[in-house]
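*Asks:* So you can see what is in the structure, the chains are spelled out below.
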Amino acid sequence: MSKIRALIVDDSSVMRKIVERSLRQAGIDLEKVVEASNGAEALGALRDNPVDLVLCDINMPVMDGLEFVRQVGTVENAKGVPIVMITTEGSESHVVQALSSGARGYIRKPFTPDQVKEHVLPVLEKKS
Amino acid sequence: MNAEPTTAAHPRPESWLPILELSAQEVFEIMLGCQVEPVKEEENPRNTEFTAMVGLAGALCGILTVCCGSEVAGKIATRMLGPEIASSEGQVWDALGEICNMIAGNFKNKLAGMDGRCMLSVPTVVTGGEYSFHSLADGDSMSTVLLFEGQPVTVRLELHS
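Going down the list, the sequences are from chains A and B.
According to my numbering, the residues represented by the first sequence are 1 to 128, in order.
According to my numbering, the residues represented by the second sequence are 1001 to 1161, in order.
These are computed hints drawn from the structure, not numbers from a lab.
Treat the hints with care, since some could be wrong.
[Claimed, not checked] Label-pair distances were calculated between CB atoms; the ranges are:
1. Gly-1058/B / Ser-100/A: 16 to 22 angstroms
2. Gly-102/A / Ser-1161/B: 36 to 42 angstroms
3. Cys-1061/B / Lys-3/A: 44 to 50 angstroms
Every residue, glycine too, gets a C-beta built ideally from N, C-alpha and C.
Using the sequences plus the hints, can you model the full thing?
*Replies:* Now the structure itself:
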């Protein structure tokens, strides 16, 4: 698999670091990691930074992850970019909302690096 | 961990303490790579130098708090970030807030019938032990003390009736 540019969206900077570390532990070769602390910031970041993968929390201030997923298609750079949700919101209705809005995967916190691998690799393989 | 208690087996809040304990234990085990066990509260008094809070609203309404000493909070941040990253004061608050958030999320996800009907607030962290906590939650409350590297971490849930 080629080098990946990833956008990690979470209002917790600690969690963004953990997600990045988990991606590396999953064997994903990260060329570039862009961070954003909410959905609105992430939309702005995508306009300037084309990426291959987005990992996104749901509960965030300003713009939550579900709204971000709904709006991401408005960013030219981001059309077709796979989004995997990583969130404490583990209910079936949240999963359904996220997937029906366009997310390709869903990881519940707390999560292991193996779970990140299990959910992210198929998404990247499908994209390539 | 194989045990997976839910409200189907424990329909009343007064029997939810094992679910809360399991929720916290799983977060520590998965995110920090360490096992924590409940201990007697009277032998391990609560240290409130750091208090993280997450509100619950909807079908389950109340507040979940995680209290610990500053040394413990620092160790939690170091465990989460890894020893190679020096944790700043802000990252310590952030780490404890995320632990609280994950315990609250894990807890509500284990409660049968709560599907999508309970929302969590973003976490808040208070530092400094000289404060009084007045929750307006008027229902059941439960708390557990877990020993993390020999020091207490108190997880408390207060519910509206």
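*Asks:* Under the constraints set out in the numbered hints, which ones does this structure not fulfil?
*Replies:* Those not satisfied: there are none.
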